[in-house]
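Peer 1: Here the first sequence is numbered in UniProt numbering, starting from 1 and rising by one per residue.
Among the hints, erroneous ones may be present.
For each label pair, taking beta carbons as the anchor points, the in silico distance ranges come out as [what the hints assert, rightly or not]:
{"hint": "1", "residue 1": "T419", "residue 2": "Q279", "range": "29 to 35 Å"}
{"hint": "2", "residue 1": "N67", "residue 2": "N8", "range": "17 to 23 Å"}
{"hint": "3", "residue 1": "N305", "residue 2": "P157", "range": "47 to 53 Å"}
{"hint": "4", "residue 1": "Q279", "residue 2": "N160", "range": "49 to 55 Å"}
{"hint": "5", "residue 1": "L389", "residue 2": "K25", "range": "17 to 23 Å"}
{"hint": "6", "residue 1": "N8", "residue 2": "Q279", "range": "41 to 47 Å"}
{"hint": "7", "residue 1": "L389", "residue 2": "V220", "range": "40 to 46 Å"}
{"hint": "8", "residue 1": "A390", "residue 2": "K331", "range": "33 to 39 Å"}
{"hint": "9", "residue 1": "T419", "residue 2": "K189", "range": "31 to 37 Å"}
{"hint": "10", "residue 1": "R84", "residue 2": "S241", "range": "33 to 39 Å"}
Using 25 Å as the maximum straight-line C-alpha spacing, the simulated DSS-like pairs for lysine-lysine come out as follows [as the list claims (entries may be wrong)]:
{"hint": "11", "residue 1": "K255", "residue 2": "K243"}
{"hint": "12", "residue 1": "K244", "residue 2": "K255"}
{"hint": "13", "residue 1": "K254", "residue 2": "K384"}
If you're looking for bench data, these hints aren't it; they were derived computationally from the structure.
Idealized CB from N, CA, C, for every residue including glycine.
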Amino acid sequence: MIALVDCNSFYASCEQVFRPDLQGKPVVVLSNNDGCVIAANKEAKALAHIPMFQPVFKIKNILKANNVTCFSSNYTLYADMSQRVMDTLREFSPIVEEYSIDESFVDLSHYNNDELDEIAHKIKERVHKNTGVPVGVGVAKTKSLSKMANKFAKKIPENNGVFVVDSEEKRQFLLSSAKVKDIWGVGRKHTIRIENTGAKTALDFANTNLAWVRKELTVVGERLWRELNNLPCLELVTETSVKKGIGTAKSFGKKLADYSIISEATSFYVAEVADLLRQQGSAAGCIEVFLQTNYFSNSDNQYSNKIIITLDTPTNSTIKLTKEALKGLKKIYKPGYRYKKVGVNLFNLVPENQVQTSLFYEEHKSESKELGKVIDALNSKFGKNKVKLATVGNREKDWALIKEHRSPRFTTQWSELLTIGGKTSSIKL
DNA sequence: TCTGGGGTCCTAGGACCC
DNA sequence: TCTGGGGTCCTAGGACCC
C-alpha cells in the first residue's frame, strides 16, 4: 500500500509557522514579481473570489476588504521546510518518493492492512508536531488511487485529513464521489473527451471500455485506468533523476529596453543554470536564449525571438556559457521594444566525465575550468553570487524580481532568525 | 501601472538511411 | 504507364503536473 502525503496550502502554512499571530486568519502567497496568487490557506479560500493564478491587481480590493495578509514567495524557506517534512516521512518508511516540494508518496507495504489507518494518522500528527505544517494522508494500493484518496481526505471534514482505501467498497465510494475532472492526470481536454462518452464520475471512467481509453488517451490514459482499477502501473521513483534540461526564465521587475541591462540579467541567469548544471555533474551541448515583450499588453509593440546555439564541445563552465549566451542575445535583440522577460535553457546534457572533445578542442585542462572551480569554492564559502562575472554587472535592482513582502529566511540564514517582537515583512494591502 | 515558473511524457511527422 | 519498405532519429507540439 502507498500513502500520498500532501501539505495543506504549503507555502501559506510555512509562513504561518513563523507567524502564529496569523492562525485562523486569511493568508496568501504571491508569485514572482508579486504578480499572482499561488497559494491561499483555507481561511483565504473560504472568502472565495480568490481563484489561484489570478493577477493580484484584479483582486486587490477583495484582499484589502478581507484583511488578507500577503507574502512574496520565499522559496529558500519553503525548500528547507519541505526537507524537514520529508525527513519526518522517512521515519515511517525507507521508500519515499519526493513527488514535489509539498507532497510525497510513501511505501507502506511493510505494515499490515489493519494498521494502516493508525499509521496514516500518526504520519499526520508527527509531521505537524515536527514542522508545524498540516498535512493530509491518502492510502491505497496504487499511486493514482492514493492521490485521489488524499484529495477526498481533505474534502470531507469527517475524514479528519486521512482516508484509507482498504476495501473494494471504499474504492467504489471514493471513485463515485469524484468527478471526471478531478481524476489525477485528466486535464481540461481529456475531461471533455471522457465526458462525451457519458461518463460523469471517476468510477464511470474506471468502468469504461479499455480499448477506447487506449485509443483516445494513449498509454498514459491506459495506465491511469488500470491504476484506478487497483492494478499498480506506476512505480515509486526514489532516485532523483538527472535532469534532461535545465532552464530559467523570469519576468523583469519592470519593462526594459536597454540592451546592456538585459545582458546583465541574462548573464545572471546563465550563472544560475550553470551552477545547477555542475551540481548534477552534467555538461550542456546546447544553450538557448529567448527574449520577449509583455504579451498581455495591448499598447506595447510585440516581439519575441529565441536562438539555439550548439556548442563545439559540451561544457558547464559559466564563463563559456555566458560568452555563447551573450553572442546569441545580441543576435535576437532588437532595439525599440520594451522587454518583459529573458530566459536561458540548457539542453543536450551529458555527464561531464563523458564529454566528447571535438577535433579542435585544445583546452582540456583549461584555465577557465580551474578558475570556475575557484569561483565555486569561494561562493560556497562566502555565499551565493559573492564572486561573479563582470558581465552580470551591479544593476540587479534595475531588473530583478519584485519581492516586496518576502518573509525572512528563518531557517537558513543566521542573520534572519526569528526574533521575538521582530519586524514583519508581510503587508496588508 | 500591475498578469509565474519549472517540469515530464507521449505522439505524429519529417528527414534520412539502407 | 509502372516508382518499395522498413527502420531510426529528431523535433514540434499537445497534454498534463506541481
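Peer 1: Taking the beta carbons of N67 and N8, is their distance inside 17 to 23 Å?
Peer 2: Holds, at about 21 Å.
Peer 1: Can the restraint linking K244 and K255 be considered satisfied, given a maximum Cα separation of 25 Å?
Peer 2: Measuring from Cα to Cα gives roughly 31 Å; hence the hint is violated.
Peer 1: For the hint 49 to 55 Å, verify it against the beta carbon of Q279 and that of N160.
Peer 2: Violated, since Q279 and N160 (Cβ atoms, about 40 Å apart) do not stay within the stated range.
Peer 1: The hint says 40 to 46 Å between L389 and V220; measuring C-beta to C-beta, is that right?
Peer 2: holds, 43 Å
Peer 1: So the hint says 33 to 39 Å: do the beta-carbon atoms of A390 and K331 match that?
Peer 2: Once the Cβ atoms are compared, 21 Å apart, the range 33 to 39 Å for K331 and A390 is violated.
Peer 1: Quick check on a hinted range of 33 to 39 Å for R84 and S241, using CB atoms only.
Peer 2: violated, 23 Å
Peer 1: Are the Cα atoms of K255 and K243 separated by 25 Å or less?
Peer 2: The given pair, whose Cα atoms are some 31 Å apart, is violated under the 25 Å limit.
Peer 1: Is the hinted range of 17 to 23 Å satisfied by the C-beta distance from L389 to K25?
Peer 2: With a Cβ separation near 45 Å, L389 and K25 fall outside 17 to 23 Å, so the hint is violated.
Peer 1: For N8 and Q279, compare the CB-CB distance with the range 41 to 47 Å and indicate the outcome.
Peer 2: Given a distance of about 30 Å, which is not inside 41 to 47 Å, the answer is violated.
Peer 1: Can you confirm whether the C-alpha distance between K254 and K384 stays at or below 25 Å?
Peer 2: Within the cut-off at roughly 24 Å; holds.
Peer 1: A range of 29 to 35 Å was offered for this pair. Does it hold for the Cβ distance of T419 and Q279?
Peer 2: Cβ of T419 to Cβ of Q279: about 32 Å, so the range 29 to 35 Å holds.
Peer 1: Is 47 to 53 Å respected by the C-beta to C-beta distance linking N305 and P157?
Peer 2: Because 52 Å falls inside the window, the suggested range holds.
The structure does not agree with the numbered hints 4, 5, 6, 8, 9, 10, 11 and 12 stated previously, though it agrees with the rest.
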